[in-house]
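Trainee: Okay, here's what each chain looks like letter by letter:
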Amino acid sequence: MYSFTYHRPGSVMEALECYRSADDGLYMAGGQTLIPTLKQRLAAPSDLIDLGAIAELTGVDVAPDRVSIGAFTRHSTVAAHPDIRRVLPVLADLAAQIGDAQVRNMGTMGGSVANSDPAADYPAALVGLGATVHTSSRRIAADEFFQDLFETALTPGELILRIDFPVPRRAAYRKFPNPASRYAIAGVLVAEFDDAVRVGITGAGPCAFRGSALEEALRRRLDPASIDGVEVPDAGFNSDLHASAEYRAQLVRVMARRAVADLLSRGS
Amino acid sequence: MKVSFTVNGTPRALDVPANTLLVDLLRQHLDLTGTHVGCDTSQCGACTVHLDGRAVKSCTVLAGQLEGAVVTTIEGIGTPARLHPMQEAFRACHALQCGFCTPGMIMAAIELVEYGAIDGSDPAAVRRRVREGLEGNLCRCTGYQNIVDAVMQAAGKMR
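Protein chains in written order, with our numbering: chain H, 15 to 282; chain P, 1043 to 1201.
Simulated from the structure, these hints should not be mistaken for lab results.
Take the hints with a grain of salt, since some may be wrong.
Partner residues aside, some chain H positions facing chain P, computed with beta carbon under 7 Å [unchecked claim]: (1) Tyr20; (2) Pro50; (3) Asp64; (4) Val74; (5) Val76; (6) Ala110; (7) Asp114; (8) Met120; (9) Ser258.
Simulated crosslink set (SDA-like; lysine to any residue; CA at most 20 Å straight-line) [claimed, not checked]: (10) P/Lys1199 to P/Cys1140; (11) P/Lys1044 to H/Phe164; (12) H/Lys53 to P/Gly1110; (13) P/Lys1199 to P/Cys1183; (14) P/Lys1199 to H/Met15; (15) P/Lys1044 to H/Tyr20; (16) H/Lys53 to P/Pro1059; (17) P/Lys1044 to P/Thr1121; (18) H/Lys53 to P/Lys1199; (19) P/Lys1199 to P/Thr1083; (20) H/Lys53 to H/Arg183; (21) P/Lys1044 to H/Gly24; (22) H/Lys53 to P/Asp1066; (23) H/Lys53 to H/Gly24; (24) H/Lys53 to P/Thr1121; (25) P/Lys1044 to H/Asp61.
All figures in this text were calculated on a predicted structure; none of them were measured in a lab.
We put the beta carbon where it would ideally sit given N, CA and C, even for glycine.
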């Protein structure tokens, strides 16, 4: 790991100021992706800005129709939070499937979302639930947030403060995990709202995206069988030693079927 | 950089380079060599310690993240004369072969019993949850069967 100047600001204002005054600053949340990246010398910031001492970035606020989660909230907190489990159980279930126990104890929602790893779990939740990302300067809809491989709508120095999730009638997430890393080879979140069905997909493409054709079919009839006739084109899908693009497209259909079956088993 | 934290009940104030990892801080600066470096890529879990009571991979924590924190390592949970129930169970069940993964496995297993909601009336389901709960720890001797036995035994005594 190259050397860097370490900062541990106590407020969002201070963190933004650290970034502005650094040559090549980088924010660190839980560090579970960033520290391995630094160790491999794939990143070499002049200044590392640790967000771990900023109280404003933590906290979970649960209302009947909305769950608001501070960016620095750890995965294990989301997985075990009694109010999240009650109001938005799909998010707690998803968080419990990220990485392993040690990673969940350090990794944060904001860190995962800002990184936009193509195989990360949270992006499927943001897209599938239609979340809103609140940053230090604006609000960004999940549909606009994830742009490409490790690319988001965030501008340099912009900091995620919290993420707001609308509460659906019911929802379910299913993923086909890489057996070693637990990253999603394909993951699908299906959410039924009063006026819409949303489908968020991760693992398959360069970043999380909505499955529009799946949504349309499920809007007509919310049933696993509705997915049988839907084509999932694999153009632009990831292809690597774990799975071909074609196989990922098939996994998206299978995970979508399973998610819909889970969702229906949760009553109405 | 200066960092102050507590290790195994003793307050420590150190001045270390900012790119120092927790595991190197423990092993090289504090001579606590019970915590092992296996893969150094946050996969194997041999370096697992407790940070404010929760299991973390100490190869993936920077010194600065420790400010004000409480760290517990394998040296801090028991003594040869008075083993932690998890250590006692690992011994009783012969839950180690080469022993390299054991300190991390024990630290992860203690947290699993404390926070992992692994209790239940169906022993097969509990065993499954123990296996899932330890997915962040690798035993390259593949001695998982006895490790799961040990965690089941210790879980009963820790409650």
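Trainee: Hints first: check each against the structure and report whether it holds.
Mentor: Hints and how they fare:
{"no.": "1", "hint": "Tyr20", "in the structure": "4 Å, holds"}
{"no.": "2", "hint": "Pro50", "in the structure": "6 Å, holds"}
{"no.": "3", "hint": "Asp64", "in the structure": "6 Å, holds"}
{"no.": "4", "hint": "Val74", "in the structure": "17 Å, violated"}
{"no.": "5", "hint": "Val76", "in the structure": "20 Å, violated"}
{"no.": "6", "hint": "Ala110", "in the structure": "10 Å, violated"}
{"no.": "7", "hint": "Asp114", "in the structure": "3 Å, holds"}
{"no.": "8", "hint": "Met120", "in the structure": "5 Å, holds"}
{"no.": "9", "hint": "Ser258", "in the structure": "25 Å, violated"}
{"no.": "10", "hint": "P/Lys1199 to P/Cys1140", "in the structure": "26 Å, violated"}
{"no.": "11", "hint": "P/Lys1044 to H/Phe164", "in the structure": "33 Å, violated"}
{"no.": "12", "hint": "H/Lys53 to P/Gly1110", "in the structure": "24 Å, violated"}
{"no.": "13", "hint": "P/Lys1199 to P/Cys1183", "in the structure": "27 Å, violated"}
{"no.": "14", "hint": "P/Lys1199 to H/Met15", "in the structure": "42 Å, violated"}
{"no.": "15", "hint": "P/Lys1044 to H/Tyr20", "in the structure": "11 Å, holds"}
{"no.": "16", "hint": "H/Lys53 to P/Pro1059", "in the structure": "14 Å, holds"}
{"no.": "17", "hint": "P/Lys1044 to P/Thr1121", "in the structure": "30 Å, violated"}
{"no.": "18", "hint": "H/Lys53 to P/Lys1199", "in the structure": "40 Å, violated"}
{"no.": "19", "hint": "P/Lys1199 to P/Thr1083", "in the structure": "33 Å, violated"}
{"no.": "20", "hint": "H/Lys53 to H/Arg183", "in the structure": "43 Å, violated"}
{"no.": "21", "hint": "P/Lys1044 to H/Gly24", "in the structure": "17 Å, holds"}
{"no.": "22", "hint": "H/Lys53 to P/Asp1066", "in the structure": "13 Å, holds"}
{"no.": "23", "hint": "H/Lys53 to H/Gly24", "in the structure": "26 Å, violated"}
{"no.": "24", "hint": "H/Lys53 to P/Thr1121", "in the structure": "34 Å, violated"}
{"no.": "25", "hint": "P/Lys1044 to H/Asp61", "in the structure": "16 Å, holds"}
Hint compliance for this structure: hints 4, 5, 6, 9, 10, 11, 12, 13, 14, 17, 18, 19, 20, 23, 24 are not met, and every other hint is.
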